[in-house]
Structure formats: structure tokens, C-alpha cells
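Chains A and B, in that order, give the protein sequences. For the first sequence, the numbering used here begins at 5 and goes up steadily by one. For the second sequence, the numbering used here begins at 408 and goes up steadily by one.
Note that these hints are calculated values from the structure, not bench results. Note that CB positions come from ideal geometry on N, CA and C, so glycine has one too. Possibly wrong hints are sitting among the right ones.
Listed below are the simulated DSSO-like cross-link pairs for lysine-lysine, each with C-alpha atoms no more than 30 Å apart in a straight line [what the hints assert, rightly or not]:
| hint | chain 1 | residue 1 | chain 2 | residue 2 |
| --- | --- | --- | --- | --- |
| 1 | B | 416 | A | 48 |
| 2 | A | 55 | B | 513 |
| 3 | B | 480 | A | 48 |
| 4 | B | 472 | A | 31 |
| 5 | B | 429 | B | 416 |
| 6 | A | 66 | B | 480 |
| 7 | B | 480 | B | 513 |
| 8 | A | 31 | B | 480 |
| 9 | A | 66 | B | 464 |
| 10 | A | 48 | B | 464 |
| 11 | A | 55 | B | 464 |
Per the computed footprint, the stretches of chain B lying under chain A, defined by three or more beta-carbons under 8 Å from a beta-carbon of chain A, are [what the hints assert, rightly or not]:
| hint | region |
| --- | --- |
| 12 | 442 to 455 |
| 13 | 499 to 511 |
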Amino acid sequence: NAGVMQNPRHLVRRRGQEARLRCSPMKGHSHVYWYRQLPEEGLKFMVYLQKENIIDESGMPKERFSAEFPKEGPSILRIQQVVRGDSAAYFCASSRRTGTGNTIYFGEGSWLTVV
Amino acid sequence: AQRVTQPEKLLSVFKGAPVELKCNYSYSGSPELFWYVQYSRQRLQLLLRHISRESIKGFTADLNKGETSFHLKKPFAQEEDSAMYYCALSETQGGSEKLVFGKGTKLTVNP
Chain A
5 NAGVMQNPRH LVRRRGQEAR LRCSPMKGHS HVYWYRQLPE EGLKFMVYLQ
55 KENIIDESGM PKERFSAEFP KEGPSILRIQ QVVRGDSAAY FCASSRRTGT
105 GNTIYFGEGS WLTVV
Chain B
408 AQRVTQPEKL LSVFKGAPVE LKCNYSYSGS PELFWYVQYS RQRLQLLLRH
458 ISRESIKGFT ADLNKGETSF HLKKPFAQEE DSAMYYCALS ETQGGSEKLV
508 FGKGTKLTVN P
């Protein structure tokens, strides 16, 4: 099992451009989560998705950010018109289910730098 | 609001010394707590969870509901333990599940 795969690992964007981060969950996992880690901060929850559904987007900024997890293909975190404050590590995670005893597995992260 | 506090940003010990990484939480229900470890720029890995009460790589953590703590301990630190350690609790609400993380403690084990 290859684990949670994220790409790109590193992405540099100029202010105003779009950033697309991709995440392929572990095989057999239908629950996907995105977290953001700002410098000197812990990981902050952004969004929780199941196939074709956004379950909880309470941690997503109201503008410019969107996420999807289509029936086929990876989950995508999209940031439009990036600003310097979007520079962070974005971690995707996946799990087979939810509830007590559930294990959430993390990818290696995508580091976004906005210049 | 649910919160996880790791009061030490940095912790430095010598090889062979005991180590304790502190974690306190606030949670209105019955919490499920975890420790994750992140070696230099690698993925977060689950180290242990309180419900399994197991020891991984010599680390243990006991949930103390009275003190709302879940401190991570190891009696004899090794150099390869140097990493970022994150305490987290699982918050389940309205069909959603998310992890709430502390800010992390960077452990350095010196030779």
C-alpha cells in the first residue's frame, strides 16, 4: 500500500496565480481530510470529504479556497488568486472510516510558497 | 471550544535521559487522544493512541482525565527520537470527524 500520495511536494506560485494540490488516499479509504500548517503553528483542519461530497468545510477560508473529491481521481485542493499568507504546508490525510479507533493516515505534504 | 495545548515549543535532552512531552486538552465529551510524530519534513506518523494503551518505540502516554493531560514519556531517549511531536484529539460532531492538534514540541536528543 503506497500510503497517502500528495503532489506536488513543492509548489511556487506568484501572487494572483492559482495553486492546485492533489491527494490520492490510501487504497480502500473513502474519507479524505485536508490540513494546513502555517510556519510555527500546528496543523489546522480545513475540510473533510467523502467521495463526491463535502462533509465539513468549517476550516476552509470563505474565499478563494475550494476542495473536491470526485468519484474518479484524486482529491484536489484549489487556491485561487494566491497571496503571500497562503504560503504553508498542506497535508492530506485519509481513513477507511470514522469513529472510535479510527486511524487517520497522513501524506508527506505539499509545500506552497507564494512569491 | 476543543483545544490541545503543548506548552513546550522546544525540548532538548541528552541520550539516555528520560523525556516527557506535555499535552493538555479541553474537551466537553469523552476524548480520544493521539500522539503523532513527524521526522524532518516527512509525513506525520501515528505514534500511539490512548485507547490502545500500547507502547511504541518505548514511548507511553496515559490519559489523566482529572488533570486533562496526555503526556508522552520515554524513560531513555535515543538520538533517533529527535523529531516534532504533535498531540491531537479527535473531535466528532454532526457526522464529521477531525483532529485538533497542538502546536507541537520539537524534541532534540543530544549525543
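To see whether the hints hold, each was checked on the structure:
The hinted pair formed by residue 416 of chain B and residue 48 of chain A meets the criterion: a straight-line CA distance of about 17 Å does not exceed 30 Å. A distance of roughly 35 Å separates the Cα atoms of residue 55 of chain A and residue 513 of chain B; the hinted pair therefore is violated under the 30 Å criterion. For the given pair, residue 480 of chain B sits about 25 Å from residue 48 of chain A by alpha-carbon distance, which is consistent with the 30 Å threshold. Pair hint residue 472 of chain B plus residue 31 of chain A does not hold up; C-alpha atoms about 36 Å apart against a cutoff of 30 Å.
Taken as a hint, the residue 429 of chain B and residue 416 of chain B pair is honoured in the structure, with Cα atoms around 10 Å apart against an allowance of 30 Å. For the proposed pair residue 66 of chain A and residue 480 of chain B, the alpha carbon gap of about 40 Å is over 30 Å, so the pair is violated. For the given pair, residue 480 of chain B sits about 14 Å from residue 513 of chain B by alpha-carbon distance, which is consistent with the 30 Å threshold. Between the alpha carbons of residue 31 of chain A and residue 480 of chain B the distance comes to roughly 33 Å, so the proposed pair goes past 30 Å and is violated.
Simply put, residue 66 of chain A and residue 464 of chain B have alpha-carbon atoms about 41 Å apart, too far for the 30 Å limit, and the pair is violated. With a CA separation close to 27 Å, the supplied pair residue 48 of chain A and residue 464 of chain B stays within the 30 Å bound. At roughly 35 Å between alpha-carbon atoms, residue 55 of chain A and residue 464 of chain B are farther apart than 30 Å, so this suggested pair is violated. A count of 7 residues in the region 442 to 455 of chain B with a Cβ less than 8 Å from any Cβ of chain A is obtained; the coverage claim is therefore met, three being the minimum.
With a threshold of 8 Å between beta carbons, the proposed coverage of the region 499 to 511 of chain B by chain A holds, since 12 of its residues qualify and at least three are required.
When each numbered hint is compared with the structure, violations occur for hints 2, 4, 6, 8, 9, 11.
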